[in-house]
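2 protein chains.
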Amino acid sequence: MSGGFMDQAYTKIAGGVTAAKGFLASAVSCGIKNPTSDRLDLALIFSEDPCTSAGTFTTNRVKAAPVRVSQSNLRKGDVRAIIANSGNANACTGLQGIRDAHAMCDGVAKPLGLKRTEIAVASTGVIGLPMPMMRITPHYDSLIQGLNPKSGPDVAAAIITSDTHAKECAISFMIGQHRVRIGGCVKGAGMISPSMATMLCFITTDAAISSENLRKATLECVEESFNRITIDGDMSTNDTVLVLANGASEMPNIRRNSSQCKLFRAALKLVMLELAKAVVRDGERVTKFVTVNVLGARTYLDAKKVAEAVCKSALVKSSWNGGDPNWGRIIHAVGYSRARIREELIDIHLDEKPACLGGLQAPTPMDELRAIVAKPEFTITIHLNQGLADYTMYSSDLSPEYIDFNRSEYAYWKQARKDGLV
Amino acid sequence: MSGGFMDQAYTKIAGGVTAAKGFLASAVSCGIKNPTSDRLDLALIFSEDPCTSAGTFTTNRVKAAPVRVSQSNLRKGDVRAIIANSGNANACTGLQGIRDAHAMCDGVAKPLGLKRTEIAVASTGVIGLPMPMMRITPHYDSLIQGLNPKSGPDVAAAIITSDTHAKECAISFMIGQHRVRIGGCVKGAGMISPSMATMLCFITTDAAISSENLRKATLECVEESFNRITIDGDMSTNDTVLVLANGASEMPNIRRNSSQCKLFRAALKLVMLELAKAVVRDGERVTKFVTVNVLGARTYLDAKKVAEAVCKSALVKSSWNGGDPNWGRIIHAVGYSRARIREELIDIHLDEKPACLGGLQAPTPMDELRAIVAKPEFTITIHLNQGLADYTMYSSDLSPEYIDFNRSEYAYWKQARKDGLV
Numbered sequence: 007m008s009g010g011f012m013d014q015a016y017t018k019i020a021g022g023v024t025a026a027k028g029f030l031a032s033a034v035s036c037g038i039k040n041p042t043s044d045r046l047d048l049a050l051i052f053s054e055d056p057c058t059s060a061g062t063f064t065t066n067r068v069k070a071a072p073v074r075v076s077q078s079n080l081r082k083g084d085v086r087a088i089i090a091n092s093g094n095a096n097a098c099t100g101l102q103g104i105r106d107a108h109a110m111c112d113g114v115a116k117p118l119g120l121k122r123t124e125i126a127v128a129s130t131g132v133i134g135l136p137m138p139m140m141r142i143t144p145h146y147d148s149l150i151q152g153l154n155p156k157s158g159p160d161v162a163a164a165i166i167t168s169d170t171h172a173k174e175c176a177i178s179f180m181i182g183q184h185r186v187r188i189g190g191c192v193k194g195a196g197m198i199s200p201s202m203a204t205m206l207c208f209i210t211t212d213a214a215i216s217s218e219n220l221r222k223a224t225l226e227c228v229e230e231s232f233n234r235i236t237i238d239g240d241m242s243t244n245d246t247v248l249v250l251a252n253g254a255s256e257m258p259n260i261r262r263n264s265s266q267c268k269l270f271r272a273a274l275k276l277v278m279l280e281l282a283k284a285v286v287r288d289g290e291r292v293t294k295f296v297t298v299n300v301l302g303a304r305t306y307l308d309a310k311k312v313a314e315a316v317c318k319s320a321l322v323k324s325s326w327n328g329g330d331p332n333w334g335r336i337i338h339a340v341g342y343s344r345a346r347i348r349e350e351l352i353d354i355h356l357d358e359k360p361a362c363l364g365g366l367q368a369p370t371p372m373d374e375l376r377a378i379v380a381k382p383e384f385t386i387t388i389h390l391n392q393g394l395a396d397y398t399m400y401s402s403d404l405s406p407e408y409i410d411f412n413r414s415e416y417a418y419w420k421q422a423r424k425d426g427l428v
Numbered sequence: 007m008s009g010g011f012m013d014q015a016y017t018k019i020a021g022g023v024t025a026a027k028g029f030l031a032s033a034v035s036c037g038i039k040n041p042t043s044d045r046l047d048l049a050l051i052f053s054e055d056p057c058t059s060a061g062t063f064t065t066n067r068v069k070a071a072p073v074r075v076s077q078s079n080l081r082k083g084d085v086r087a088i089i090a091n092s093g094n095a096n097a098c099t100g101l102q103g104i105r106d107a108h109a110m111c112d113g114v115a116k117p118l119g120l121k122r123t124e125i126a127v128a129s130t131g132v133i134g135l136p137m138p139m140m141r142i143t144p145h146y147d148s149l150i151q152g153l154n155p156k157s158g159p160d161v162a163a164a165i166i167t168s169d170t171h172a173k174e175c176a177i178s179f180m181i182g183q184h185r186v187r188i189g190g191c192v193k194g195a196g197m198i199s200p201s202m203a204t205m206l207c208f209i210t211t212d213a214a215i216s217s218e219n220l221r222k223a224t225l226e227c228v229e230e231s232f233n234r235i236t237i238d239g240d241m242s243t244n245d246t247v248l249v250l251a252n253g254a255s256e257m258p259n260i261r262r263n264s265s266q267c268k269l270f271r272a273a274l275k276l277v278m279l280e281l282a283k284a285v286v287r288d289g290e291r292v293t294k295f296v297t298v299n300v301l302g303a304r305t306y307l308d309a310k311k312v313a314e315a316v317c318k319s320a321l322v323k324s325s326w327n328g329g330d331p332n333w334g335r336i337i338h339a340v341g342y343s344r345a346r347i348r349e350e351l352i353d354i355h356l357d358e359k360p361a362c363l364g365g366l367q368a369p370t371p372m373d374e375l376r377a378i379v380a381k382p383e384f385t386i387t388i389h390l391n392q393g394l395a396d397y398t399m400y401s402s403d404l405s406p407e408y409i410d411f412n413r414s415e416y417a418y419w420k421q422a423r424k425d426g427l428v
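The listed protein sequences correspond, in order, to chains B and E. Its first residue numbered 7, the first sequence is counted upward by one per residue in the numbering used here. Its first residue numbered 7, the second sequence is counted upward by one per residue in the numbering used here.
No wet-lab data here; the hints were simulated from the structure.
Because identical chains share one entry, a pair is satisfied inside a single copy or across any pair of copies.
With a straight-line Cα cutoff of 27 Å, these simulated DSS-like cross-link-like pairs (lysine-lysine) come out:
no., residue 1, residue 2
1, K275, K27
2, K275, K156
3, K82, K121
4, K359, K69
5, K283, K18
6, K359, K424
7, K381, K420
8, K222, K82
9, K27, K156
10, K268, K27
Only chain B is shown next, with the shape it has when bound in the complex (with noise of 0.2 Å):
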């Protein structure tokens, strides 16, 4: 595996969005995600200095009031601070729920200097109920208050529902003579799917670089991270992934094309991969990681098409769950992915051992599959043996406490009945 973190140009450093030089943070517990507990749920991102930024957003036409905001502010310009919320998604909740995601905005700009348009907004959590903003509103004071350089993993844990820990990433390496820093944070746990940029990720860098090479450096890592994994196939209303480089580093500006702009983007692939992975890792009752390799490919599409249906199929997530090195459900949703393969040319391999080969049973002994589909984590690679196309996701099992843990929302309900809200 290319980028790991045994690569000497990279090291991993402790923190998430506040790894970097020049990003401020803070978090606090407004009682959105239950009003009487103490978790924290509303949470501050803010450069010190001017900064460039970068999007990307869920492609679901159904969209959160925060992501139409957030889209709209980087539209204008570059964005300096992202203020994000978890318990309510504000998405589904019409005119209500712009104004509502325009008070966030505006609930911190003033205090911080900045317009309304410089501030990003994220919501995560129930969709079609409206905000709980009486609880909001009293809490931006402490939210500016409370900004300081460490407070990064208080952010990371703000914004998590159903993930069972925050997720952080950060990495340091040189650019010319500049010690540069990346660093991140990320929640998703459900309604996770390839092809848009899944759950709510932010990730900070002191390096310095134009908000169009931002721009392409982001969709292009986003593409082979965040679009790579899928945990239930279902596709958020929130996504959103926000990237902020503020130069703090005091290095020259990343020119276009460059070999400084490769070694950038390499770094924030390998910021957002790890963040990415770490998202199936914790994927709502998830009990194996599952990488998905797709060779011999006639082209990228089709390659593509192979790893989402197998990695989507119910009934390859549940033989992972049963640790059951089931081959034939994987040729099978090999066959209806409407990827052009041919039956008798594919091999099926687990980790390293094959388990089809032309198509058939291949002759390891099943108790050496089933060893490989025991672990917490294995590879499936899939030789189509048609050209030289690849694709890789990383995917997750299907387990009976998913379903059970997904069974209702209600409380939710309850909860805005009584805060009077519907």
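Following the hints, complete the assembly by docking chain E onto the known chain B.
Okay, now just chain E, sitting in the frame of chain B:
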């Protein structure tokens, strides 16, 4: 709903594939499913007189050997008999699988006085293990000796696998002065998803209709029945629908595009739709039968995309399992369906009650919505308010028990090992 059994024109009658005149059937227990049980697992359907025939098959590019052989035989002319087994799908079995499927045709062709190409063959069960032919071959004789006009129910029982019960449907109606019967059986409970003829379904009729007209009617009816159901989103390698028409009702041949042809088509669709719904109701560990109506789409394809996204969403299906009237999850799936929609125009009703109006929470009390989703069968109507196209699908919840049930097929492998097949 059009075409229900309340419709005066059609009378529900007992039986399945032998409800129509001139069809014989037979089934035996070979021990393919389980060598120590006497469950029926090999079946034969035979038309005493020459007949016309039509079939639709999986569009999975990984096709089981019996699918390939039946497709080839149907291309050569009409088939007059069907041999089918459960317990082994004869899929991903290479050249030996093709030989075994041919052998099954040969085994009954001669005693029936037919050519090999006048037999269709169908298999269902585990993928990737060789057919245990040593279990099947000794039973051709008793299969043929057992042929009789009352064994339709035995065929229905012999083809089921994870189904909890055999599924049959038959109707009788008048075409002109002649009473005509259409009857059939179906198996299928998992690996069920639209866009092909899902599962095994055999239908016989004593109507007189040309091969060409029968083929046209079959394709149209499959599109409006079996292609509109989904249980787990997984498309099988063995899906087969076969329709045999022998004219034993002594009616004159149905002319193309005549009113008689329309009557026949409506009747065929009625039988197929009943059987398709029976598959969903008997889906693996299913607790809910949900009809999803999409109305007001700009195009048929848009309506279909919306219905499929909603019916296949793991999160929507989990909420159905939990009896949670979660319209937020429904609209989120509408959003990622890639259909052209406008969030603010969408209405969602559960049975007759509005859950979402204009993309926002409707004022219906939550308890009333919960009462609807608590029922074993209910209808979700999604009005896009964008155009005139509509589409209906039949789906189920996804239960923790489904995943438990599908965690492992290791027992099949162990039996194959014992049999010396792997």
